[in-house]
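**Q** These are the residues of each chain, in order.
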Amino acid sequence: MTISWIQAAILGLFACLCSNSCMAGQAVGNYTIGRPLVGGLVCGIVLGNLKLGIACGVAMQLVYIALVTPGGTVSADVRAISYIGIPLAMVAITSQGLNPLAGSAANLAKSIGTLVGTVGTVLYYAVATMNLVWQSFGWKDVHKGKLDKLTAVNFGWPWISHAIFSFLPTMILTYYGATAVTALRNALPMDGIAMKTLFTVGGMLPCVGIAILLRQIVNHAADFIPFFVGFTLAASLHLNLVSVTVVSLLFAVIMYEVEMSKGSQGPQGPQGKSGPVPEAAGTDSEEEDI
Amino acid sequence: MTISWIQAAILGLFACLCSNSCMAGQAVGNYTIGRPLVGGLVCGIVLGNLKLGIACGVAMQLVYIALVTPGGTVSADVRAISYIGIPLAMVAITSQGLNPLAGSAANLAKSIGTLVGTVGTVLYYAVATMNLVWQSFGWKDVHKGKLDKLTAVNFGWPWISHAIFSFLPTMILTYYGATAVTALRNALPMDGIAMKTLFTVGGMLPCVGIAILLRQIVNHAADFIPFFVGFTLAASLHLNLVSVTVVSLLFAVIMYEVEMSKGSQGPQGPQGKSGPVPEAAGTDSEEEDI
Amino acid sequence: MTISWIQAAILGLFACLCSNSCMAGQAVGNYTIGRPLVGGLVCGIVLGNLKLGIACGVAMQLVYIALVTPGGTVSADVRAISYIGIPLAMVAITSQGLNPLAGSAANLAKSIGTLVGTVGTVLYYAVATMNLVWQSFGWKDVHKGKLDKLTAVNFGWPWISHAIFSFLPTMILTYYGATAVTALRNALPMDGIAMKTLFTVGGMLPCVGIAILLRQIVNHAADFIPFFVGFTLAASLHLNLVSVTVVSLLFAVIMYEVEMSKGSQGPQGPQGKSGPVPEAAGTDSEEEDI
Amino acid sequence: MENTNNLKKLDKKTLTNSFHRWFWGALTCFSQEHMQTFGYMASMLPILRKLYPEHKDQVKAIKAYTAFFNTNPMLGSVIVGITASMEQARANGKEIDGETINDMRAGLMGPIAGIGDSLIDGTLIPILLGISLGMSTGGSPLGAIFYIVAWILIAYFGQRFLYFRGYKFGDQAVSFLVGKQGAAVRRAISIVGSMVVGGVLASWVNVTTSLKLYGSNGKVFLNLQDKLNSIFPGLLTVVVTLFCWWLMTKRHVSAIWTMLILVVISFIGVLVGFFNPGLSY
Amino acid sequence: MENTNNLKKLDKKTLTNSFHRWFWGALTCFSQEHMQTFGYMASMLPILRKLYPEHKDQVKAIKAYTAFFNTNPMLGSVIVGITASMEQARANGKEIDGETINDMRAGLMGPIAGIGDSLIDGTLIPILLGISLGMSTGGSPLGAIFYIVAWILIAYFGQRFLYFRGYKFGDQAVSFLVGKQGAAVRRAISIVGSMVVGGVLASWVNVTTSLKLYGSNGKVFLNLQDKLNSIFPGLLTVVVTLFCWWLMTKRHVSAIWTMLILVVISFIGVLVGFFNPGLSY
Amino acid sequence: MENTNNLKKLDKKTLTNSFHRWFWGALTCFSQEHMQTFGYMASMLPILRKLYPEHKDQVKAIKAYTAFFNTNPMLGSVIVGITASMEQARANGKEIDGETINDMRAGLMGPIAGIGDSLIDGTLIPILLGISLGMSTGGSPLGAIFYIVAWILIAYFGQRFLYFRGYKFGDQAVSFLVGKQGAAVRRAISIVGSMVVGGVLASWVNVTTSLKLYGSNGKVFLNLQDKLNSIFPGLLTVVVTLFCWWLMTKRHVSAIWTMLILVVISFIGVLVGFFNPGLSY
Ligand SMILES: OC[C@H]1O[C@H](O)[C@@H](O)[C@@H](O)[C@@H]1O
Ligand SMILES: OC[C@H]1O[C@H](O)[C@@H](O)[C@@H](O)[C@@H]1O
Ligand SMILES: OC[C@H]1O[C@H](O)[C@@H](O)[C@@H](O)[C@@H]1O
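For the record, the sequence lines run as chains B, R, G, L, D and E.
The C-terminal residue of the first sequence carries number 290 in the UniProt record's numbering, and the numbering is unbroken.
The C-terminal residue of the second sequence carries number 290 in the UniProt record's numbering, and the numbering is unbroken.
The C-terminal residue of the third sequence carries number 290 in the UniProt record's numbering, and the numbering is unbroken.
The C-terminal residue of the fourth sequence carries number 281 in the UniProt record's numbering, and the numbering is unbroken.
The C-terminal residue of the fifth sequence carries number 281 in the UniProt record's numbering, and the numbering is unbroken.
The C-terminal residue of the sixth sequence carries number 281 in the UniProt record's numbering, and the numbering is unbroken.
Honestly, the hints are just simulated from the structure, not real lab data.
Hints may contain errors.
[As the list claims (entries may be wrong)] Here are the simulated DSSO-like cross-link-like pairs (lysine-lysine), alpha carbons at most 27 angstroms apart as the crow flies:
| id | chain 1 | residue 1 | chain 2 | residue 2 |
| --- | --- | --- | --- | --- |
| 1 | D | Lys9 | B | Lys149 |
| 2 | E | Lys56 | G | Lys146 |
| 3 | D | Lys168 | L | Lys180 |
| 4 | B | Lys149 | D | Lys12 |
| 5 | G | Lys146 | E | Lys63 |
| 6 | E | Lys56 | G | Lys140 |
| 7 | R | Lys149 | L | Lys63 |
| 8 | E | Lys60 | G | Lys144 |
| 9 | L | Lys227 | B | Lys51 |
| 10 | B | Lys146 | D | Lys8 |
| 11 | D | Lys63 | B | Lys146 |
| 12 | D | Lys9 | B | Lys146 |
| 13 | D | Lys219 | G | Lys51 |
| 14 | L | Lys13 | R | Lys149 |
| 15 | B | Lys144 | D | Lys56 |
| 16 | E | Lys227 | E | Lys212 |
| 17 | G | Lys146 | E | Lys212 |
| 18 | R | Lys51 | E | Lys63 |
| 19 | D | Lys60 | B | Lys146 |
| 20 | L | Lys60 | R | Lys149 |
| 21 | D | Lys56 | D | Lys12 |
| 22 | E | Lys60 | E | Lys94 |
| 23 | B | Lys144 | D | Lys219 |
| 24 | G | Lys51 | D | Lys227 |
| 25 | D | Lys8 | D | Lys168 |
| 26 | D | Lys94 | D | Lys227 |
| 27 | B | Lys140 | D | Lys56 |
| 28 | R | Lys146 | L | Lys9 |
| 29 | G | Lys140 | E | Lys219 |
| 30 | D | Lys56 | B | Lys149 |
| 31 | R | Lys146 | L | Lys60 |
| 32 | D | Lys227 | B | Lys149 |
| 33 | L | Lys212 | B | Lys51 |
| 34 | R | Lys146 | L | Lys212 |
[Stated by the list, open to error] Restraint-style ranges between C-beta atoms, simulated for each label pair:
| id | chain 1 | residue 1 | chain 2 | residue 2 | range |
| --- | --- | --- | --- | --- | --- |
| 35 | E | Asn17 | D | Ser216 | 46 to 54 angstroms |
| 36 | L | Ala67 | R | Gly145 | 13 to 21 angstroms |
| 37 | E | Val272 | R | Thr129 | 56 to 64 angstroms |
In this text, a Cβ means the ideal position worked out from N, Cα and C, and glycines have one as well.
Whenever a hint applies, use it, and build me the whole structure from the sequences.
**A** Written out as C-alpha cells, the structure reads:
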C-alpha cells in the first residue's frame, strides 16, 4: 500500500477540520471527525481499504478514549493520531502482511499512533499561537468599530494557520512516512525483541487511556466498584457493550433516586460524594491528560 | 384429530366456568381456568394430546399475557381463546402434520387464537346483557323483601345466560370448526404467501401482548430500563424466568427502600413517580386492551 | 498412607495453637491456623500430600464455614476437625483409592470430619476448665500484688492444659486412628448402603454450615433475596466467587447509601432493618452453632 | 346507653361465609349496568341475617347495598370487610347510616379498581404466567399446574386476608394500599413486573429476519440477523414490541388495529424476503 | 418610562443564527491568550445587530464581550443564551451594564467548564465510543456511523436546548446543572460511565502472560494465564490498568511517562518470557 | 491544680505493647468463669506500669480490671484502647475511678460482642473463606495462602486501628460501630455476605437426585434432575439448605440433630433410589 499526493492532500484537509481549534467546530470537527474511530472510517475510504481503516481506528480509539482537554491543554492532538497515525499504521500493517483484524495488527497500530501522537501536540500549539495574529486584526476591528470583520477573523483567517500547521505537515508526513514505514519492514524482524516489545506495548497502551478515564471517575475507593462490575459483566459473562450499558442504566436510575432522596442533608451532601467532581477549568492536572 | 360431541360439550362447560362474569368466580374461573396456559392443559386432557394442548396454550398465553379488563371492558374474552381457539389450533396443527413443539406450530396457534378471539368479545357482552333479566328479578325480590332469592339471582340464573352464549357456541364452533380447519389444509399450501404471512404474524403477535403490559408499566422513559435489563438477562445471559425473577427481587427491595427513604417529600412525591399509576376504573384507555 | 509418631506430634502442636483459647491468639490461632482450609494446607505439608490435604480442607471448610462462638460456646472445635479429621480423612481416601479431587473423596472427608467434630467440643471445655487452675494462681498473685506473674498466667501455664487436652489426644487419635480407618476399608463395601449413605450425607453437610450462616443473616423473608441472587449468579451464570463478590459490592454500596439517606427516621429505623442484628454475647441460640 | 353485654359481634363463621360469597360470586351476575352490585348484596346477606334478627331490619339494611358497585374484585375484598364492620357498628347503635356506608364504598371503589387492575391483572398475574411459561418447555404440564396452585393460594388467602383486615381495622385498612408504603410496594412490584416481562419477551418471542445478501461469488456477505444480534441480542423482537407500544400509546391505535398492522408488515416482509418462517413443504 | 409596545424582542431566527455561530465557531479562532473570546463575540454579533439599530450602540455593546472567555463549549451554550436575554433586557432599558454581564460570564464559565469537561468529554463521549467500538467488530463501519449520528444529534440538539433554555430562564437555567438534580444526574451518568468503561476494558483490551512452567517430564504444570483467569477473568488487564491509574493519580506521573514505563515493563517482560505477542515469522 | 507540664502521656511503644498483648493473648487463658478477664489484665499491665511508677498504685489500679470481661476480641480491641486513655486521664488526676471504667467496659462489651461475632465470624470470615475456596480448585494451595495473608493483614491492622482509635477518641470511638453509619456499614456487609454465601453454596455444594423414570420401551422419560434444573438451576441444593435453615430457625433443632436428620434422609433416599453418589466398586 502506498499513499498518493492526492490521498495525502485529502487527509490533510480532514486534519484541518478536526484538529483542536478545529475549522468544523468542536462538536463536528474535534469530537466527531477527529475521533480515531471516525478517522479510521475516513482513512479507510480514502485509502481504499475500509476494513483495515476501521480496524486501525478502533485500535487507536481505545488508547485515546478519554481526550479531555481542560483549558485548551492538549497532550495528544487528534489530527496527528487520526490522519497521520492511522494511514501510516495501515501502510505498516499491509507491508508486514498482517491480518488486519488480528490482535497483532491492532497492537502495531496503537504503537504507531502513540509515536506520532506527540507530533500533533506541537502542531496544535503552533496553530493556536498563529491565531494570535488574526486575533490582533480582530482587536483593531473592534476598536475601529468594524464589527462586520469579526466574522472573517473567527471563521476565515484561521484557515491559514491550519494550511500551514495542519494541512502541510499531514500531507507530507503521510506521503513520505508511508515509504519510510514500508522500509522499516526489512530492518526489524518480527520475532526480534524490538518488534515483540512494540506489539506488547501496543496491547497495553489502552490501559493508559482507560486509566485516565478512571482518574476522572474515581474519587473514593468505592467508585472502582461499578467499573469492576462492568468489567466482570463483559469479561466473565461476555455481555456486549450495549447490554452492559442497559444494565448500567438500571443502576444509574437507582443512584439517581438515592441521590434525590437525600433530601434533608442539604445540597453539598450529595455533591460531595457524586461521581466526577466538577472543578474549575484548568485547575486540574492538565499536562497529564493524553 | 377430530372433536366428538361429548368432547365439544365438555369444552362448552369450561367456557361457562371461565368466561367473564364467570360461573366459577373470577379468581378460579377467569383468572385460572380461563388463562390459555390452563386452557391448554384442559384441552390437552379432553382431546387426548397433552403435549400439543400445552404447547398451544403456551403460544396463546403469550399473546394474551395482559388481560386487563377495567370496568368490565373486555376486548378479547378468554372463553373463545382458550376453549375454541386452542382446540381448533390443535386440530389444525395435527392436520398440517406440524411438530407440536416447533415454533411454526406455535405461530399457527397464535394466529388462529387471535382470529377467534373477537368472537369471545361478542359473546361476553351477550351474557352481560342477558344478566339484566335476572337482575330485574333481583330488584323485584329486594323490593318485596324476598332476600332469600338473591342467592339464586347471583349464583343460579346466570347459568342460563351461559348455557346460551357460552356453552352452545363453544360446543358448535369446536365441533364444526374442526372439520373446517382440517379442510383448509388442502386449500392453503404451506409455502404460499398466505401461510407464510400467517406464521410470521403468529410469531409477532405476542409483541402486542407485551406492549400492552408495557403501556401499563411505563410512564417515563426510565421505566423502560428494568424491562430492557430483564430482556438482556434472558436474551444475552440465557437466565430462565425464575432466575430473572430472583434477580429482579433484589432490585425491587432496593427500590422499595429508596421509596421508603423518601421521607420528607410528602406522600404525593413517591406516588407520582411510582410504577403503574393507579387510576379510577374505567377511565383509562378501555377499548385498546386486548 | 500411614501417620508416624513424629507427624502425629506436629499435628498435636498445631492443635494447641489453634484450639479455642488458642495459644497463638484468636486471630492467628483460631481464625487462621484453625480453619480447615488452612488445616488442609498444614496437614498436606506434614503428611506429604499437599493436593489431598487441600482437597480435604476445602471439603470440611464448607461444613464449618460459619464458626461463630458467642460467649465461648463452641459446638464444634476446630482442632479436632482440622488436625484430627483432616489427617484421618486423608488416610481413608488414600486407602479407598479414591481420586483426591473427586466429589466422592470430598464427601467422605466431610462425613469423617463431622464424626470427629464433637470430640473437639469435649476437649475444648476440658481446656477451659483446667485453665481455672492457672486463673486461681492469678488471683492469688493479684491479691499479693505480684503483677509480674500475670504474664505467665495468661501466656505460659495454659500450655499445660493444651499439652494434656490438645496435644496428647490429637497425637494419639491420629496415630492410631489412621490404622483403624484403613482397617475399615475392607469392612464396608463401596456399593453398600452404608457407604452410599455416608457419601450422600457428606454431600449435604455443607448445607448445614450455610444454613447456620443464613440464620445469622436472615431476619426477614426479604433478606433471602441477595442470597438467592448470589446463588443464581454462580449456579446459572457460572460466575466465580471473586466475580460474585465484585457484583455484590455494587449492591452493598447502594444499600449503604440508601441506609445513609434515611436521614429523618432516627437512628433506630435503619438499625431495625439492617442485616445481622447485633445482640449481646451469649444471649442468642448458643448451642445450635456448629 | 348501649350495653356492652348486648353488643352484637359477627362470628368467624358468618364472616367466612360472607367472604366466600364474595370470592365465588363477585362477578357471576355481572351486567354493564349494575356490575358487581348483586355480587355485593349476596355477600352481605349472611352479615345482615346475623346482625338483624328481624326480617324488616334486614330488608331495610340491604337497601344500602343496592347502589351501584364495581371495583377490582381481588383487592375489593377489603371493602366488603369494611362494610361488615360498619354494619356491625350500625347494628350496635353507632351513628352510621346507609349513606355513610355508601360514601365509603363509592370513595374506595375507584382507586382500588385502578390499583388492583394494574397490580393484580397487569403485574402479578403476568409475572406468575411468565414464570409458569418457563416451566412449560417441551409441552410439560408443570407450568400450568404451578400456576394453578400458586395463583389460587395467593388469590384465596390474599383476598381472605384483605377481607378480615378490612373487618378488623375498618377504614384504616386501606391506608397500606394507597399510602406511602403502598406506593413503595407498587414501585417494587413494578420493577419485578418489568424485568420479568422483559425476560418473558426474550425467552418466548423471537422475531428474526431471514435476510441474507449474497456476494457475486455466491457467498453470504451480509447475514442481517447475525449483525443485529451482535448489536443487541434479540434486537428485532424488542423493536417490534416497542413499535406496537408506540402505536398504542403514542398513536392511540387499538390492539386489534395494531395486530392488523403487523399482518400488513408481515405480508410485505414475506414478499420482499425479509421474513421467512422457513416452513417445510 | 418604558413602553411595552416598544419592547425589543429577539426573534427565533436571530437566536438560531447566534446559536449556530457558537456551535460552529466557539473554538475556530482559539489562542492560549484569548481562548473563546472571539468565538463568543462572533456569536453575539447577530444579537447586537438586532437589538441596537445604531452602529455606535453595537460597538458600545460588543465591548462587554471583549473580556476573556473560556468554558466547555457544549454546556457553555447555556451562557451564550443567558447573555442574549440579558442583552435584550439591557436594550429594553433594564439596569444591566457590561459589568453585570461579565460578572455572570466569569462566574459561570469556571464551574461549567469543570462539569462539562468531565461530563461530556470524560463520560458521555467515552460511553458512546465504547458502544460504537462494540459495533465495529470485524472492521464493520457500523460503529463509526452510529457514533457520528448519535453524537451529532445529541450535540446539536443538546446545545440548542441549552442555548434556548439559557435565553428563556436567564440565570436560573444553570441551576439544573449545578443544583441537587444536577448532582444526581452526574452521579447517575458516572455509574453508566464506570460500568461501560469497565466493559470497554474487558471487551477490547486483553493483557495476557505467556508464562508456562514445564515439569521434568516436559508437560506444562503451571499455565499462569489459566490460573489468573480462574481467580478473576481478565486479571492482568485490570492490574495493568490499575497500575497506570496508580502511577498517574498517586505518583503524579504524566501519561507520556506512564507509557514509557509500560515500554520498559514490556521490554523486560518479553526478555524473561512473561510476555510474548506470539507473532508469526 | 494539675500542671500541664507534669501530665503523663502514654508513648507509642507502651500502647503498641499493650495492643500486642491483647492481639495474642485475649483468649489464651480463657475459662467459662472469667473468660477474657486475664487477657485484659495482661494487656493493661504495660499501661499501668507506665502510668504509675509506684508499685502500690499499680496494684490498686489493676483491681478495676479484675471484673468479668468478655467480648468479641477483634472489635473489642477498641475497648482496651478506650481504657488506656481513661487510665491515663485517671493518672493525671481526672475524676475517673475504677467504677467508671468498669461501667464503660460492661456497657460496651455486650453490644460489641454481638456486632463483632456476627460481622467478623459470621460475615467477613465466611466471605474471605468463600473467595479462598474459589482459588483452591484442583487442590491448589493458592486459596489457603490468600486467606492467611488477607485475613492476617485485616485482623492485625484492623484491630490495631481500633485500639488506637479507642485510645484517641475515648468513648466516642464506638459511635461509628453502633451509630447510623455503623448500621449502614453492617447492612452493606450483610449484602456482600449473603450474595457470597449464595455463591459459595452454588459453587461448592451440589445436591442432586439420581432419579430417572423409564418408559415401557426402556427409554428414560423423566430425568428428574434435568427437570429441576430447568425450573431453577441448583434447586435441590437450595431446598436442602432452606430445609436445614427452617429446622434450626423455626423448629429450634440443633446443628447436630439437623445433621442426623440429613443422615436419615440420605439413608431413605439411597434406599428408594432418589440419591446415588455413583461410586465405583
Ligand atoms: O476546559 C474548558 C475548555 O477549554 C478550552 O476551550 C478547550 O480545551 C475546550 O475543549 C475545553 O472544554
Ligand atoms: O376495573 C374494575 C373491575 O371492573 C369489572 O368489574 C371487571 O372488569 C373487573 O375485572 C375489573 O377489575
Ligand atoms: O461472644 C463474644 C466472645 O466470647 C468468647 O470470648 C469467645 O467465644 C469469642 O470467640 C467471642 O467472640
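**Q** Next step is simple, just say for each hint if it's right about the structure.
**A** Hint check:
| no. | hint | verdict |
| --- | --- | --- |
| 1 | Lys9(D) - Lys149(B) | holds (25 angstroms) |
| 2 | Lys56(E) - Lys146(G) | holds (10 angstroms) |
| 3 | Lys168(D) - Lys180(L) | violated (36 angstroms) |
| 4 | Lys149(B) - Lys12(D) | holds (24 angstroms) |
| 5 | Lys146(G) - Lys63(E) | holds (13 angstroms) |
| 6 | Lys56(E) - Lys140(G) | holds (16 angstroms) |
| 7 | Lys149(R) - Lys63(L) | holds (15 angstroms) |
| 8 | Lys60(E) - Lys144(G) | holds (11 angstroms) |
| 9 | Lys227(L) - Lys51(B) | holds (16 angstroms) |
| 10 | Lys146(B) - Lys8(D) | holds (24 angstroms) |
| 11 | Lys63(D) - Lys146(B) | holds (13 angstroms) |
| 12 | Lys9(D) - Lys146(B) | holds (25 angstroms) |
| 13 | Lys219(D) - Lys51(G) | holds (18 angstroms) |
| 14 | Lys13(L) - Lys149(R) | holds (21 angstroms) |
| 15 | Lys144(B) - Lys56(D) | holds (11 angstroms) |
| 16 | Lys227(E) - Lys212(E) | holds (11 angstroms) |
| 17 | Lys146(G) - Lys212(E) | violated (74 angstroms) |
| 18 | Lys51(R) - Lys63(E) | violated (82 angstroms) |
| 19 | Lys60(D) - Lys146(B) | holds (12 angstroms) |
| 20 | Lys60(L) - Lys149(R) | holds (16 angstroms) |
| 21 | Lys56(D) - Lys12(D) | holds (24 angstroms) |
| 22 | Lys60(E) - Lys94(E) | holds (16 angstroms) |
| 23 | Lys144(B) - Lys219(D) | violated (85 angstroms) |
| 24 | Lys51(G) - Lys227(D) | holds (16 angstroms) |
| 25 | Lys8(D) - Lys168(D) | holds (15 angstroms) |
| 26 | Lys94(D) - Lys227(D) | violated (73 angstroms) |
| 27 | Lys140(B) - Lys56(D) | holds (16 angstroms) |
| 28 | Lys146(R) - Lys9(L) | holds (25 angstroms) |
| 29 | Lys140(G) - Lys219(E) | violated (80 angstroms) |
| 30 | Lys56(D) - Lys149(B) | holds (15 angstroms) |
| 31 | Lys146(R) - Lys60(L) | holds (12 angstroms) |
| 32 | Lys227(D) - Lys149(B) | violated (68 angstroms) |
| 33 | Lys212(L) - Lys51(B) | holds (20 angstroms) |
| 34 | Lys146(R) - Lys212(L) | violated (74 angstroms) |
| 35 | Asn17(E) - Ser216(D): 46 to 54 angstroms | holds (50 angstroms) |
| 36 | Ala67(L) - Gly145(R): 13 to 21 angstroms | holds (18 angstroms) |
| 37 | Val272(E) - Thr129(R): 56 to 64 angstroms | holds (58 angstroms) |
Checked against the numbered hints listed earlier, the structure breaks hints 3, 17, 18, 23, 26, 29, 32 and 34; every other hint is satisfied.
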